[in-house]
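Protein sequence lines, in the order shown, are assigned to chains A and B.
When the letters of the first sequence are read in order and numbered with this note's numbering, they come out as residues 1 to 315.
When the letters of the second sequence are read in order and numbered with this note's numbering, they come out as residues 1001 to 1406.
Think of the hints as simulated: they come from the structure by calculation, not from any bench.
Keep in mind that the hints are not guaranteed to be accurate.
[To be verified] Taking CB as the label site, the calculated pair distances span: (1) T125/A / G1324/B: 54 to 62 angstroms; (2) A1213/B / T125/A: 33 to 41 angstroms; (3) T125/A / E1174/B: 50 to 58 angstroms; (4) T24/A / E1174/B: 49 to 57 angstroms.
[Unchecked claim] Pulled from the structure, derived: some chain A residues nowhere near chain B, Cβ distances all over 12 angstroms: (5) V22; (6) R27; (7) R81; (8) Q89; (9) F90; (10) W133; (11) T139; (12) G161; (13) P176; (14) Y218; (15) Y221; (16) T223; (17) S279.
All figures in this text were calculated on a predicted structure; none of them were measured in a lab.
Each residue gets a CB set at the ideal place from its N, CA and C atoms; glycine is no exception.
Take a look at the letters that make up each chain.
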Amino acid sequence: MTTAALSPTTLSKAALFEAQAVKTSARRNRLLSLPALIIIGIFGVLPLVIICVYSFLVAAPYGGVQWQFSTDAYLNFLFQRDIFDDTLQFTPDFLIIYLRSFLFAVVTTVICLLLGFPTAYFMATRPPAQRNWWVLLITIPFWSNLLVRTLAIMFIIRDEGLINNALIGLGVIDKPITMLYTNFAIQLGLLYAFLPFMVLPLYSSLEKLDFRLVEAGYDLYATRRQVLWRVIIPLSKPGIIAGCLLVFIPALGAYVTPLILGGGIHLMIGDLIAQQFGSGRNWPLGCAQALILMAAVLVALFLYVRNTSGKVQHG
Amino acid sequence: MGIAFENRVTAPQLPSRPAYGDNQTGTHLPTRAGSLNGVIVPEQPGKNAIEVRGVRKVFGTGENQVAALDTVSVSIRENEFFTLLGPSGCGKTTLLRLIAGFDFPTAGEILLHGQDIAPLPPFKRPVNTVFQSYALFPHMTVAQNIGFGLEMLGKPKAEIEARVTQMLKLVKMEALKARRTSQISGGQQQRVALARALAPQPKVLLLDEPLSALDYKLRKEMQIELKRLQHETGITFIFVTHDQEEALTMSDRIAVMSAGKILQVGSPRDIYDRPAERFVADFIGETNFLPGTVVSKKSGVATVKFASNATIAAGYPEGFDPTGEVTLVVRPEHADLVPDPAKGTVAGTLANIVYFGTDTHYHVKLDGGENFIVRHQNSRSAPVTYATGAKVGIQFEEDAARVLKD
């Protein structure tokens, strides 16, 4: 574009034509992305703006908002206004739920990685013709709804469920072990829901791994463990990063799983936010909580990516 | 463990003792520029570095079984540049992988300096490989790649650094040591791969068609480079190639392989001038085959009669008893044309003349029906000129003809 504007007299016709072609192809490419941009604009950016605006308003008594500026929603996140003298008192209730959710998400990510890596490695080392079948098997959970699958877990782990009945039947225990509506149940549900999201990116990364490099490692006196840490893991880092992000972020905001398996007793962020829009009838607070979550995820992401990309350099 | 490689972490500075992994000279700094000080002086000159005894390798199971190696035995001497030569699928790479430890033999044993290494994993064998694809670690720099083996052996940092510097110098890559392996050219990657494999001072260096990815000129350069490295380091090189010219120019000895078997082992001259089997003669260089009948034989030389009733003395391989109909082999440059058909050992019609610059090939259709090629080196003065269609005779140089085993 600039070349065409520079000195059209000195440019040959071919050069002008080429500049024109580049211009039109760039325009065409932008046009191609337009539908996606419109959808993101309407259903992504706009709601975010609404949430942002709502978080600075006052809650209406029966849901919705009153158009009156207030920072109460953010203050309420950490403090509680005393009913009598209007002073602010520090209440860590919400913060605890946030930290608990973070802990759940971190544990989920770590265990998914530990379980997913050997699985993905196994899949990637199968003969090429077999690999697609393994990928298909991994995706089987996606064929049914998460809600249905979560309810299925409920039937397996409840007091009269499959596990307890079997153990009692075998005479291992007299009384059922309480598993449903515990932290254990939530953790199990999260692991189950997100494991495929870890396995698939790991697999796609390991599948591209040049196994001659593994042989080179063995040849240069690296033991199996050393080959794993010095060759395989550094080379599959992109898959590890992608898998961790794909598990951590949705696990942090998980809603259905903790709601059903936690029985509403052990709240996670997702349930907390949903409550503000439902029974809590405090839309500004819900909006503020959602934005705080988003900010926290962005910060965590930033730190994570910065740290891991630094390690790739070293190998 | 068969090999005393376990001392690799504990005491690299132990006084010299004749065990693997304890490179007697390896911990000293170089005294001569450009050379590796870790020259492995053979404890007994002429001893075998590698001995392959009755090794069989079968891939697959049941009906899909394929014998990649069919009971191979060969000895490779110390400080030798030994080449495994053969067409693709002949089992040469399989044999190399068995020595490296990436695969394990179905039967037989592989001795390294007299100790069976066949059951050991690759990281316990003092053997390093230069891979056909180089297999450099893309997440490491050139220097980190070269130092990897030493690091895994648990050598002290200072020693690794000194050795890496030395290796960089040896392969002339000092300037690029901080580069990523993706940022250097194919020829440079080849050098790094060599340096990486040589850095831990292996007893034997295995090279799996290392030059096949390089263009012609670079390949020629690297051939000379490889010979120099082998000479300077004194390490036994086992080189795999399908390129007969490469094998002839570089090797001390060559093993010609076909269909999972070693057909002949010998010096390049042996292999070229005295091929034992038809495959060897055919695979290496251009060859003429002639049918004949053995009339008599005496101490390794047989008298063979052609259809034209002319006879010739031809050597035959040791341990072979030629009788009746046999095939003779004659190299094109070991024969000469004569204008008078009656004066030749065999005679025919000149079918084609091909000019090659350095020499000329005369394609002769023999009276018996076979094709025969005579190579004649060109010189400024051409004594006789031939025309296609002319009747010519072919004379053989002394010892030119050999009886083949098949």
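Do the hints match the structure? See the list:
Take T125/A and G1324/B: their Cβ atoms lie about 56 angstroms apart, and the range 54 to 62 angstroms holds. Restraint check, A1213/B to T125/A: a C-beta distance of roughly 26 angstroms breaks the suggested window 33 to 41 angstroms. Look at T125/A against E1174/B: about 38 angstroms separates their beta carbons, and that is not inside 50 to 58 angstroms. Our hint of 49 to 57 angstroms for T24/A and E1174/B holds, since their Cβ atoms are close to 50 angstroms apart.
Every Cβ of chain B is farther than 12 angstroms from the Cβ of V22/A; the closest lies at roughly 29 angstroms, confirming the non-interface assignment. No Cβ of chain B comes within 12 angstroms of the Cβ of R27/A; the nearest lies about 35 angstroms off, and the non-interface call holds. Its beta-carbon lying about 55 angstroms from the closest one in chain B, R81/A satisfies the requirement of being farther than 12 angstroms from that chain. With a minimum CB-CB distance of about 53 angstroms to chain B, Q89/A clears the 12 angstroms threshold, and the non-interface call stands.
For F90/A, the non-interface assignment is confirmed: its Cβ lies about 48 angstroms from the closest Cβ of chain B, beyond the 12 angstroms cut-off. Residue-level check passed: W133/A sits 20 angstroms from the nearest beta carbon of chain B, beyond 12 angstroms. Every Cβ of chain B is farther than 12 angstroms from the Cβ of T139/A; the closest lies at roughly 30 angstroms, confirming the non-interface assignment. Non-interface status of G161/A relative to chain B is upheld: no Cβ of that chain comes within 12 angstroms, the nearest being about 44 angstroms off.
For P176/A, the non-interface assignment is confirmed: its Cβ lies about 48 angstroms from the closest Cβ of chain B, beyond the 12 angstroms cut-off. A beta-carbon of chain B comes within 12 angstroms of the beta-carbon of Y218/A; the shortest separation is about 4 angstroms. The non-interface label for Y221/A is inconsistent with chain B: the shortest C-beta to C-beta separation is roughly 4 angstroms, within 12 angstroms. Distance to chain B contradicts T223/A as a non-interface residue, since its nearest Cβ pair spans about 6 angstroms, not more than 12 angstroms.
With a closest Cβ-Cβ approach of about 52 angstroms to chain B, S279/A is found to remain outside the 12 angstroms limit, as its non-interface label requires.
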